[in-house]
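A.B. asks: Sequence:
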Amino acid sequence: MHITQHTDYALRVLLHVGSNPSRRVTIAEIAERFDISRSHLMKVVNQLVRDGILDGQRGKGGGLSLAVPAAKIRVGDVVRRMEPGLELVECFGTSGRCLLNPGCKLKKALKEALDAFLKVLDGYTLEDLLDNPATVRTLRLVAVPAR
1 MHITQHTDYA
11 LRVLLHVGSN
21 PSRRVTIAEI
31 AERFDISRSH
41 LMKVVNQLVR
51 DGILDGQRGK
61 GGGLSLAVPA
71 AKIRVGDVVR
81 RMEPGLELVE
91 CFGTSGRCLL
101 NPGCKLKKAL
111 KEALDAFLKV
121 LDGYTLEDLL
131 DNPATVRTLR
141 LVAVPAR
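Under the numbering used here, the residue at position 54 of the sequence shown is numbered 54, and the numbers go up by one with no gaps.
Since no wrong hints were added, every one of them can be taken at face value.
Pairwise CB distance ranges, derived in the manner of DEER restraints:
1) T26 with T4: 19 to 25 Å
2) G62 with T4: 23 to 29 Å
3) K105 with R24: 48 to 54 Å
4) R38 with G61: 16 to 22 Å
5) T26 with D128: 23 to 29 Å
6) G103 with F34: 43 to 49 Å
7) Q57 with H6: 20 to 26 Å
8) I3 with R58: 28 to 34 Å
Calculated cross-link-like contacts (lysine-lysine; reagent style DSSO-like; alpha-carbon spacing at most 27 Å):
9) K43 with K72
10) K72 with K119
11) K119 with K107
12) K60 with K43
13) K119 with K105
Hints listed in this document are in silico derivations from the structure and should not be mistaken for laboratory results.
Don't be surprised by glycine CBs; every beta carbon is placed ideally from N, CA and C.
Modelling step: build the complete structure from the supplied sequences, incorporating the hints.
C.D. replies: Take a look at the structure:
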């Protein structure tokens with residue numbers, strides 16, 4: 001299975017924001033911490049805000065915080081939201097072109113694999129991922145920017 005860079009960045013953003021529950025985190029801070037372009041990060045953050053996962057406040061004292069508790073953010077849900085066209089093969093897509101249909105059993109096997117992948121991710125919440133003190137320490141290594 002392979003997730004896109006967009007989804008990878010979304011998960012990093014959520015981990016970083018979730019590891020700093022007592023303060024708002026800025027996009028600049030996340031961009032610097034993970035060496036991600038701000039413009040790309042803005043697209044990711046905007047989607048997370050639109051989806052109600054993050055709360056974004058503009059202006060002085062603004063930044064990002066979780067809009068819902070980390071225990072309610074399922075990793076599988078985040079992947080589905082960030083990867084709306086998650087397809088393993090072309091025949092999963094809207095065009096559905098496949099010369100082997102209707103007798104192809106590969107599509108069924110790959111669909112089961114994708115479902116299993118997402119089911120495993122559904123078993124983890126952001127809180128589960130932040131339940132490792134070493135991870136949280138690493139994520140908090142960023143100095144809080146002066147305001």
